[in-house]
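Chemist: Same order as they appear, the protein sequences are chains A and B. Sequential numbering of the first sequence, starting at 1, is according to our numbering. Sequential numbering of the second sequence, starting at 1, is according to our numbering.
Rather than coming from a laboratory, the hints here were simulated on the basis of the structure. What you are looking at is a predicted structure, and each value in this text was computed from that prediction instead of being measured. Idealized CB from N, CA, C, for every residue including glycine. Warning: the hint list may mix true and false statements.
What the hints assert, rightly or not - Partner residues aside, some chain B positions facing chain A, computed with beta carbon under 10 Å:
(1) 158
(2) 270
(3) 301
(4) 302
Listed below, chain by chain, are the residues.
There are 2 protein chains.
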Amino acid sequence: MVRIYLGIGSNLKNRRENIRKALALLKDNKIRLRKLSRIIETDPVGGPKQGKFLNAVLEADTNLRPRKLLDTLKNIEKQLGRKKTVRFGPRTIDLDILLYDRAIINSKELIVPHPRMNERDFVLRPLREIAPNIVIPNNKMKTVKKISRIQEIAGDLKKRGKTIGFVPTMGYLHEGHLALMRQAKKDCDVSIISIFVNPTQFGPHEDFKKYPRDLKRDEKLARLAGVDVIFYPSVKEMYPEQYLTYVNVEEITKGLCGASRLGHFKGVATIVSKLFNIVQPDIAYFGQKDAQQVKVIQQMTRDLNIPVKIKMMPIVRETDGLAMSSRNKYLSPQERDDAAVLSESLRKARQMIESGVSSSPAIIAHIKDLIKTKKNAKIDYVACVDFNTLKPVNKIHKNTLIALAVWVGKTRLIDNIIVK
Amino acid sequence: MVRIYLGIGSNLKNRRENIRKALALLKDNKIRLRKLSRIIETDPVGGPKQGKFLNAVLEADTNLRPRKLLDTLKNIEKQLGRKKTVRFGPRTIDLDILLYDRAIINSKELIVPHPRMNERDFVLRPLREIAPNIVIPNNKMKTVKKISRIQEIAGDLKKRGKTIGFVPTMGYLHEGHLALMRQAKKDCDVSIISIFVNPTQFGPHEDFKKYPRDLKRDEKLARLAGVDVIFYPSVKEMYPEQYLTYVNVEEITKGLCGASRLGHFKGVATIVSKLFNIVQPDIAYFGQKDAQQVKVIQQMTRDLNIPVKIKMMPIVRETDGLAMSSRNKYLSPQERDDAAVLSESLRKARQMIESGVSSSPAIIAHIKDLIKTKKNAKIDYVACVDFNTLKPVNKIHKNTLIALAVWVGKTRLIDNIIVK
Numbered sequence: 001m002v003r004i005y006l007g008i009g010s011n012l013k014n015r016r017e018n019i020r021k022a023l024a025l026l027k028d029n030k031i032r033l034r035k036l037s038r039i040i041e042t043d044p045v046g047g048p049k050q051g052k053f054l055n056a057v058l059e060a061d062t063n064l065r066p067r068k069l070l071d072t073l074k075n076i077e078k079q080l081g082r083k084k085t086v087r088f089g090p091r092t093i094d095l096d097i098l099l100y101d102r103a104i105i106n107s108k109e110l111i112v113p114h115p116r117m118n119e120r121d122f123v124l125r126p127l128r129e130i131a132p133n134i135v136i137p138n139n140k141m142k143t144v145k146k147i148s149r150i151q152e153i154a155g156d157l158k159k160r161g162k163t164i165g166f167v168p169t170m171g172y173l174h175e176g177h178l179a180l181m182r183q184a185k186k187d188c189d190v191s192i193i194s195i196f197v198n199p200t201q202f203g204p205h206e207d208f209k210k211y212p213r214d215l216k217r218d219e220k221l222a223r224l225a226g227v228d229v230i231f232y233p234s235v236k237e238m239y240p241e242q243y244l245t246y247v248n249v250e251e252i253t254k255g256l257c258g259a260s261r262l263g264h265f266k267g268v269a270t271i272v273s274k275l276f277n278i279v280q281p282d283i284a285y286f287g288q289k290d291a292q293q294v295k296v297i298q299q300m301t302r303d304l305n306i307p308v309k310i311k312m313m314p315i316v317r318e319t320d321g322l323a324m325s326s327r328n329k330y331l332s333p334q335e336r337d338d339a340a341v342l343s344e345s346l347r348k349a350r351q352m353i354e355s356g357v358s359s360s361p362a363i364i365a366h367i368k369d370l371i372k373t374k375k376n377a378k379i380d381y382v383a384c385v386d387f388n389t390l391k392p393v394n395k396i397h398k399n400t401l402i403a404l405a406v407w408v409g410k411t412r413l414i415d416n417i418i419v420k
Numbered sequence: 001m002v003r004i005y006l007g008i009g010s011n012l013k014n015r016r017e018n019i020r021k022a023l024a025l026l027k028d029n030k031i032r033l034r035k036l037s038r039i040i041e042t043d044p045v046g047g048p049k050q051g052k053f054l055n056a057v058l059e060a061d062t063n064l065r066p067r068k069l070l071d072t073l074k075n076i077e078k079q080l081g082r083k084k085t086v087r088f089g090p091r092t093i094d095l096d097i098l099l100y101d102r103a104i105i106n107s108k109e110l111i112v113p114h115p116r117m118n119e120r121d122f123v124l125r126p127l128r129e130i131a132p133n134i135v136i137p138n139n140k141m142k143t144v145k146k147i148s149r150i151q152e153i154a155g156d157l158k159k160r161g162k163t164i165g166f167v168p169t170m171g172y173l174h175e176g177h178l179a180l181m182r183q184a185k186k187d188c189d190v191s192i193i194s195i196f197v198n199p200t201q202f203g204p205h206e207d208f209k210k211y212p213r214d215l216k217r218d219e220k221l222a223r224l225a226g227v228d229v230i231f232y233p234s235v236k237e238m239y240p241e242q243y244l245t246y247v248n249v250e251e252i253t254k255g256l257c258g259a260s261r262l263g264h265f266k267g268v269a270t271i272v273s274k275l276f277n278i279v280q281p282d283i284a285y286f287g288q289k290d291a292q293q294v295k296v297i298q299q300m301t302r303d304l305n306i307p308v309k310i311k312m313m314p315i316v317r318e319t320d321g322l323a324m325s326s327r328n329k330y331l332s333p334q335e336r337d338d339a340a341v342l343s344e345s346l347r348k349a350r351q352m353i354e355s356g357v358s359s360s361p362a363i364i365a366h367i368k369d370l371i372k373t374k375k376n377a378k379i380d381y382v383a384c385v386d387f388n389t390l391k392p393v394n395k396i397h398k399n400t401l402i403a404l405a406v407w408v409g410k411t412r413l414i415d416n417i418i419v420k
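With the rest of the complex left out, here is chain A:
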């Protein structure tokens, strides 16, 4: 069974009765009705002078394939006396496929999601009423490579008073990224993501070259997450010849990942300040997995007075607890099994704290002991720090960040929890 959303409209004869009959016929045709929105009256869009419509949105389940569903809807329209007249003309009944699961269909006969639903308040309003958390796949998503073009788009959106939600990524998207994108779409009028594997945040012996890249795959996932624009620049576009400017956040970049990845956060602060200037977002979204990165970016935007709000979203995990990461792809099956010890050790740490332990050294020792049971794992650091200052704390308190970085084989993984 597949979840579908249908638009229902009528502006001829007994409109309410037409809708009632259409629902009955849908039921007869193997479509399981779930929720009907309130029926609202709206002005016709285009076409000749005609009466007002009654409109509603239906949530339903079905086994019909999209093409078969379309035929079914057309048959019902015919049965209820709809006649082909002029485009956008009056009709006894109008049945549209708005959404078919998360499918994106662009055939001659059928375009799903419905190509004009995003501009139609009389569709969006009832849809949000019955499915408040729905993400509408975006079949008009654009991929833009030029800075000048994206600045044009952003400037134009600003002038029209639209808000921009922004998710900077290095691509090879996973559920962690997608959660950020869905949140952006929920909070803001328009969502923009960037996909850019940023060379300046990789050390000379790190994995810049082998970092996984797959634009086609990313585009498909982003489209499903309702993304409006992907900014996908080349390295040369972002770092042209004679590039000389870097943004550096001091102090809080020295410990944790900053200690083993020299220059990493200078690269991060630089690229993110560039992206903020290019995309001009109202809100930017980052995952808690890179907790130190979130802090660095918060500090930078505050210090440089960049007019953007930073939102940190929870870590998204695999079923065994492993924090989602594009780098998980590097792991062999054995390493993948062993990698679960990272989140496992943090879960144990949380249990210890809940049962009254508050000594950082005790917590750290316990985490280290657990990790050491896996022979593929080599600890980079395990630390308890204040999440505001990123300075080590001796006693665990509210807002303590317990963070770790562990090499599993040749792959460096990180994870953390924040004590409530």
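Following the hints, complete the assembly by docking chain B onto the known chain A.
Modeler: Quick look at chain B alone, frame taken from chain A:
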């Protein structure tokens, strides 16, 4: 004699004849007419239902003091049969003082510049026609101390589609600054300046503490230059506790002033990127006197993709050639005399180049020899560099920057020319 601008209007009886008569009476009253704009017909502003106005703007010279001028205009209105009726009512003749030299008058009887002239197209259009370069003193200028307030103002201007011209300064304004402000007002809808003596661009043994400050004086000058908003933050507002972020431009900050003022350009790049984020200007204005600074800021805005255009304006000089600088105030009378050697030596260098000399070492030697004739002067550097890369050149070519820094007594002065 003082230059004045008068607004003339009439919407009763023979309007054109009324204006002709008013001009004749002005002439009889010691007002020397210079230029009359075209007479345009406009709708009345406010008041009861009434006929359209004929309006014009007159440029004239007079010896009358403002109060006496006002009385004269009122007498002429009476002579031509103007009667007091309702506010904004119809009138045979209406004479307004728009501008009286560069005076700002806020008395009970008289406000100059005319308080509503900036909103009245039927005043501004004819005024610009006869005085295209005029700067209208701004008696509504605001001084704002809070970042949040200025971001609010800037955001609001952006939403209304207004352009912002921005002049960052350290205050103690001189004609060099004022030229930038007038240009900003000419190019953009709104001009904003900042006055902030930025501690991070001063070395530990430099003149941060004694740098001249005088807000009252600066406000007066800025008002006359038509400035709309002065941003005047405290050090704590710009660098709150736990401030950690710095913007650094590499390479081009190493030579020239960067060599003797360690960390100076890091401070400059940091504060300017902050100010750009706060003020969100379309165009920012800098003087050529700080040529290396202009280059650093151009490089930074390009590299960080800040959406602002940088405009460099020519050096403004005292009558003896000394480049204007707030630091000239430090000079004793003898030092002030000696300081003229800086621009004098550059003028000689230009003559040598025009007469065919193209060897940088020869030019530099000549400049140094001239400066050494003043015993108060101690050379920091004299250099010929390519103005794009700021790298030394052996042969002078197009776009060579000849720059120098010289201590005159305890004051470090800089000056430069760019070879065309």
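Chemist: Tell me if the interface restraint on residue 301 of chain B is satisfied: Cβ within less than 10 Å of some Cβ in chain A.
Modeler: With a minimum Cβ separation of about 9 Å from chain A (threshold 10 Å), the hint on residue 301 of chain B holds.
Chemist: Can the hint on residue 302 of chain B be confirmed by a CB-to-CB distance to chain A that is less than 10 Å?
Modeler: Status holds, d = 8 Å.
Chemist: With chain A as the partner, please determine if residue 270 of chain B meets the hint condition of a C-beta pair closer than 10 Å.
Modeler: Result: holds, 8 Å to nearest chain A Cβ.
Chemist: Next item in the hint list is residue 158 of chain B. Is there a CB on chain A closer than 10 Å to its CB?
Modeler: holds, 7 Å
When held up to the earlier numbered hints, the structure conflicts with none and fits them all.
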